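J.: Please work from the sequences and hints to get the whole structure.
Below are the chains, spelled out letter by letter.
Protein chains: 2
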Amino acid sequence: MKLKHLAILLSGAAAAALGQAGFADGQSAKSQASPIYGVTLPDGYRKWPLIAPAQEAAPLNELRAVLGNEQAIKAYEKNTLPFPDGTVLVKLAWKHVQSPEFEPASIPGAATTVQVMVKDAKKYASTGGWGFGRFINGQPADEAQHKTCFACHQALVRDHDFVFTRFAP
Amino acid sequence: MKLKHLAILLSGAAAAALGQAGFADGQSAKSQASPIYGVTLPDGYRKWPLIAPAQEAAPLNELRAVLGNEQAIKAYEKNTLPFPDGTVLVKLAWKHVQSPEFEPASIPGAATTVQVMVKDAKKYASTGGWGFGRFINGQPADEAQHKTCFACHQALVRDHDFVFTRFAP
Chain A
1 MKLKHLAILL SGAAAAALGQ AGFADGQSAK SQASPIYGVT LPDGYRKWPL
51 IAPAQEAAPL NELRAVLGNE QAIKAYEKNT LPFPDGTVLV KLAWKHVQSP
101 EFEPASIPGA ATTVQVMVKD AKKYASTGGW GFGRFINGQP ADEAQHKTCF
151 ACHQALVRDH DFVFTRFAP
Chain B
1 MKLKHLAILL SGAAAAALGQ AGFADGQSAK SQASPIYGVT LPDGYRKWPL
51 IAPAQEAAPL NELRAVLGNE QAIKAYEKNT LPFPDGTVLV KLAWKHVQSP
101 EFEPASIPGA ATTVQVMVKD AKKYASTGGW GFGRFINGQP ADEAQHKTCF
151 ACHQALVRDH DFVFTRFAP
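Quick mapping for you: the protein sequence lines, in order, are chains A and B. So the first sequence is numbered by full-length UniProt numbering: it starts at 1 and just counts up by one. So the second sequence is numbered by full-length UniProt numbering: it starts at 1 and just counts up by one.
There may be inaccurate statements among the hints.
Just so you know, same-sequence chains aren't split out, so a pair can sit in one copy or run between any two.
[Claimed, not checked] Cut-off 35 Å, straight-line C-alpha distance, at most; resulting in silico cross-link-like pairs (DSBU-like, lysine-lysine): (1) Lys74 x Lys47; (2) Lys47 x Lys147; (3) Lys123 x Lys91; (4) Lys95 x Lys47; (5) Lys123 x Lys147; (6) Lys47 x Lys91; (7) Lys123 x Lys78; (8) Lys47 x Lys123; (9) Lys122 x Lys147; (10) Lys91 x Lys78; (11) Lys47 x Lys78.
Treat the hints as calculated values from the structure; they're not laboratory data. Predicted, not measured: the structure shown is a model, and the values here were computed from it.
T.: Below is the structure:
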């Protein structure tokens, strides 16, 4: 095993340990900014209100939940489209595992990615007004991954201001 | 079709219409209290922080999310067991439906039930310190349904203060 791989493994284990502690500081510690967009993990996002959960089928096999800041929640309340500048959406994702305690239920396992969308119509004019950040263990994924964000949102949810998630009543 | 059944259908349709409006007043309007326990839907719960999402397999076929009040979140942060008096957990459930926009994703459909657990060690001494409320369209389910709550929690999660849900990191 190369040293680089060991370092990645250890970094993953440390993040998992932090995750197990619950609302660990590691979750809201200042992350590096995402490539292309310069988006960081927002402070305190883990306690933001829920917009909706979702499930992602194999191969990702994840449970997910999208949370929103105050501007996001207000926009959903009033069905405001496009979302106003300052809107931030955060999608948390976990491996989707069987509940050890209740046979019909499946629940979040290890955290996988945290994905952020920030609305700034001027700054991100070329990508529908949205900046994107995809974080793994609190650090941004590479530039190649960030190049894929907007194309998919643009192709599939242009009519909902490039946002997939609807508010779950 | 009997008049009673029509009334139930209309009531469901009205609730669905309210649900579509987003954070509708109907969700936090004062509900009747649950049988046995006298638990009501807490004010403003829809904006409480997320503890974890979950999926429930067929026949219910639901996506779910458990939210918690401030006491609940503090207890999860500090791994406090048993949960302190005043803890309130609210589980929202929706039918689990295919996303019309993204093939690998499935998302919340119509809201089904909202289930509440309230901790009061003295008041609910005979049921592990928990009072239960199960609400459909904002109104409590019948006494027979409420008789089933504690037996299942007692049988399966006695060691976690009768609470299934763990915090999703």
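J.: Given identical chains, is lysine 123 near lysine 147, meaning Cα to Cα at most 35 Å, within a copy, between copies, both, or neither?
T.: Within. Shortest intra-copy distance 16 Å satisfies the 35 Å Cα cut-off; inter-copy 56 Å does not.
J.: If the cutoff is 35 Å on CA atoms, where do lysine 47 and lysine 78 land: within, between, both or neither? Let me know, please.
T.: Both. Shortest intra-copy (22 Å) and inter-copy (15 Å) distances satisfy the 35 Å Cα cut-off.
J.: One pair to classify: lysine 47 and lysine 147, alpha carbons no more than 35 Å apart. Within, between, both, or neither?
T.: Answer is both: 29 Å inside a copy and 33 Å across each meet the 35 Å cutoff.
J.: At most 35 Å between alpha carbons: which applies to lysine 91 and lysine 78, within, between, both or neither?
T.: Intra 21 Å, inter 24 Å, cutoff 35 Å: intra and inter.
J.: Please sort lysine 123 with lysine 91 into within, between, both or neither, judging by C-alpha distance up to 35 Å.
T.: For lysine 123 and lysine 91, the Cα distance is within 35 Å only inside one copy (21 Å; across copies 38 Å).
J.: For the identical chains here, do lysine 74 and lysine 47 meet the 35 Å Cα criterion within one copy, between copies, both, or neither?
T.: The answer is both: 16 Å in one copy and 11 Å across copies each meet 35 Å.
J.: With 35 Å as the alpha-carbon cut-off, assign the pair lysine 47 and lysine 123 to within, between, both or neither.
T.: both (27 Å within a copy, 29 Å between copies)
J.: Using 35 Å as the alpha-carbon threshold, which applies to lysine 123 and lysine 78: within, between, both, or neither?
T.: Within one copy, since 24 Å is at most 35 Å while 40 Å is not.
J.: Is the C-alpha distance from lysine 47 to lysine 91 at most 35 Å within one copy, between copies, in both cases, or in neither?
T.: Answer is both; intra-copy 13 Å and inter-copy 16 Å each pass.
J.: Quick one: lysine 95 to lysine 47, C-alpha cut-off 35 Å, is that within a copy, between copies, both, or neither?
T.: both (20 Å within a copy, 25 Å between copies)
J.: How do lysine 122 and lysine 147 come out at 35 Å by Cα distance, when the copy is not named: within, between, both, or neither?
T.: Answer is within: at 19 Å inside a copy they meet the 35 Å cutoff, but 57 Å across does not.
When held up to the earlier numbered hints, the structure conflicts with none and fits them all.
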